[in-house]
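Protein chains in written order, with our numbering: chain A, 1 to 223; chain B, 1 to 621; chain C, 1 to 244.
These aren't lab readings, by the way, just hints derived from the structure by calculation. No experiment lies behind these values; they were computed from the predicted model shown.
Simulated crosslink set (DSS-like; lysine-lysine; CA at most 25 Å straight-line):
(1) B:LYS531 / A:LYS187
(2) B:LYS272 / B:LYS368
(3) C:LYS202 / B:LYS531
(4) A:LYS127 / C:LYS235
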Amino acid sequence: MNRSRSIVVALVSIVLGGAVLALAGFALASATPHQKALECVSSGANSCNLNFSVFPDSLAGEHGSDGGPHPDWVSYSNDDLVVPANTVVHVTIDQYDSGGSLNNAYLGTVIGTIGGVAKIDGKTVTKVDPNNVGHTFTLRGMPGNGTPILVSVPLPADGNSGTPVTLGSGQYAKPVVVTFSFKTGSKGVYEWNCEFPCGGSREGQFGFAMSTYGYMSGTLTVR
Amino acid sequence: MSTSTIEKTVHKGNASGGGLARRQNFLTGLVGGIIFAWLFWWIARLVGDQSSRSFSDLTATSVTLGWLFGFWLGIGALNGPFRWLIGRDQTREDQLYYAGENLGVSRYWKFTTDHKVVGVQYIVMTMVLLGAGGILAMAIRTNLITPGNHFVNQQVYNSFISMHGMLMILGMIVAVAGPWANFVVPIMVGARDMAFPRLNALSLWTLVAAAALLLTTLAVGGLPVGWVILAPITNQAGVGMDFFAMAIVVFTVSTTVAGVNTLATVVKMRTKGMTFTRLPIFVWGSIIAAALGLYAFPYFLLAEVLQLMDRNFQTSFYVASGGGTGWLQANLFWMMGHPEVYVILLPAVGAIFEIAAVMSRKPVFSYKTAVGGMVALAGLSILVWAHHMFTTGWAPTLGGPFMLTTELISIPTGIFFLVLIATMWRGNVWFRLPTLWVYGFIFDFVIGGVTGIYLSDIPIDNQFHGTMFVTAHFHYVFAGSVLFGAVAALAFWYPKVTGRFLNETMGRISFGLTFIGIQVTFISMFLSGLKGMPRRYSSYSMLFEHTNFITTIGGYTIMAGMLVLLAAVITSWKHGEASGPNPWHANSLEWMVPTPVPLENFDVLPVITEDPYNFAEKVDH
Amino acid sequence: MSQSENKKSLVGFYWTWGILTVVGVVIGLWAPGRFMPASMSGNMHLSILTIQVFTVCAAPVAAGIYAATLHNIRHDRWRGEGVPPAAEAVRGNTTLVSAWLIASSVLTVFLLVWGLGALAVDNSSTGKNPLVVDVTGQQWLWTFHYAGTDVNTTQLVLPENREVQFRITSDDVTHGFWIAQMAVQVDANAGVFTEIHTTPDKLGTFDIRCTQFCGLNHSSMVTTGEVVSPQNFQKWLTSQPATI
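When you get a sec, could you build the whole thing from the sequences and use the hints?
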């Protein structure tokens, strides 16, 4: 093969190979589960509302009423949350699951919310019993500029009984309703997850639902 | 039973030989593997306790075992032992059939014992492993081009980094030793084949079985644990972890078999006059690496067997709440992991010495010092493993001693540079494709070596450990040095395999892109590390935004270089410039035989009277 | 000048060696301060100093290898047609090998002595009234408890110029506790305590990053802390609500 032909072959191989890889990458990016984001609903100047739930299974949330691949795994109803920058976010979480003891009792404390408090079924608290927690909503991360954020709110176990409500294909007792507010900082992607050991596995109970994207963790994108 | 016991090589046809093997090839292996995997899955579900927390792990482990045995059966790996068991050992015709006589291209798809076929199969396997690892590297870099996981989510990313690491490490282990210790070493020492030809084929196809298991990991839940497989996080992974652990067990079988074979060949099958001081230096690199591999890989096997025990039988080797410790896994892993670096490096260094001598038309400078340096490095490498664990908190009092052994490594490494440069110094350096990659090796290995000195020092390691600085350091050693050695070896011996030169123009374009790409990628990665970016982060602070962007651009450049190399390898196979049997006018035995090399290599075994580096008195062939 | 004379002249080699050495030394002295996080402890000063010393030692060696390689490419390249003829066969040079071995051994021993000395300094403790902080890593969060108090926090506050002793453990898998501005790092392991100590000597914020892969949100296991004056530290400590 002469020189100019070799150069042509080299160029073609780069272009062709690059195109194949780019296509494969595009296919991969489309196939990767990115859940539909839950947008914060504006409620006046510089404030908005986020409402979501956490269930003892996956029958009522974003995995669909058939529960997706793991219907018996605990799950949050939404994973990817989108909020505006420099805004007060009012969060309401309906907690439908039972509970137990935290690995780290300190996370029974409400951390990082406005006033350091949360409302549990209307009652204002700064901490809850760390041995009767269902899940936590723990948000942190560092976009690199501005103050890093840490918001952690324990969601007490749901001890309610009575007529179950049907959501999706699951039936649940009346939830514990937890509300709290926090202020967002600058733009960036933050991550949140549950800190209650609810995933099984032998060390720390953080396997399965806790270690799989789209169940007990997600992102908070500040736009 | 080895084909080398056959004295005469003149045979025509193999109409009667082969038996069952006539109908066996890679496809039957694949089918056998899948059928047995399914069978084992079915049995596991039948007898297993569905309520056990190990049920899915036991099922997965059974599937992997079924796959391995089915694959071995299907491809014909067990024919020989089976016939020996029933007292009907293979005949000479059978052995010639197994050696691939008159089989044409189809022998590359079969359980073929000819070492040259195995060598070519290893070239392909190396390209498959490194190619898969490279594609994952591109995915990783694409995700890191901006912070925030815009390409894949963090779970997929975590699987990718682990798989990238493992595929690349396994690919690097076989990159030089696989193709060339099989293809050229037996000819170099004047043997008709490897000492154990059937084991040779077994090692290759076992590697294929292991690679298949490793790649399947991605389809069965991935491997989101990091490539050092640090326990106890492995207990949180799904059945992908079982597939991975079994892949390593199978891989260890493959390398052990291959290492024993290389050693036995060189120790027992050298031709008359081929003393240890007349061996081409590449042979030394290969056998020291093989011996070191025999020491190192069993630790990996053990680490993964304990892992499988923890997962399948609820033992607690690595589970703190059950009395175990992740430090056990870390020790076992690094007792394999550091010698393994030299299992990877030494064949490449041997090849680089060989190429440097031939291309500069001078003997290897201070041959015995060079061999001594390699032996010293191999010896030291088994005493340094805990420098990977300086910051784990395990045995802080051993920090000083391990720092000492680690820094001593500078001395034999320094010898390599002395030998390499003194070999080429005042030579008549022939600037062909292999030479370029040798110079690339020198350039990158200096950076890889010097940055290693910082990491061996504990006060500095306390800052750099676990950051991108470490990642950049060992990529300079692997991607910058070993890969360059591997490509140099490929360009150097490619004419022996195909009778044609690797396309020089495309090779040079590939060299340029890869060399520049390596510098751009890994110097910017050093900067990320200096700035404090930890490894294995799927997303990062804006502090590291610019350096990561540059790293990604560099990564794409390396990929372009590798694509051109791939195109060169493929197009030159049939259309390259014809080379003749001895294109580099070298003296070692592999160049004395015709190209393509006949089955059993030599009509008459040669007698050696001097080392192969006397270029002045060379008789033209 | 004929090619053989040209080959013998080493002036260019020495020049290149010298220039590259200077370049290496300058980069080695400049880069740590330019790129690394601003130092906030003696351990970090020591790390930076050791990096600089090692670079100064390594620069001549690396520069020598580069200069020799460049000289080799420039002068020993075969420019004729076809296969180059054999060059003079030099099979060894005891003086050169010995000199190289001695030089590299001396350098290595120096690095070792420096390194072991630095390690001793790095590990040395004043032992005077250290502030003890219990650090717990868990997926994917750090929490800190000040020993002898009821104070727990997720953002570390440390007093200036007082030794801090960290006792580190994990609630689940292994994590890596690293303060990027203080060059102290150790893993958090389930079931055991690992210890490190350092003395912050500069006011300001610092970054704690997890350096041991710990699963899904490993890259979010980052937090910041602040070094404050001893008075402000006491004020802060007493103002914290008792938790748990």
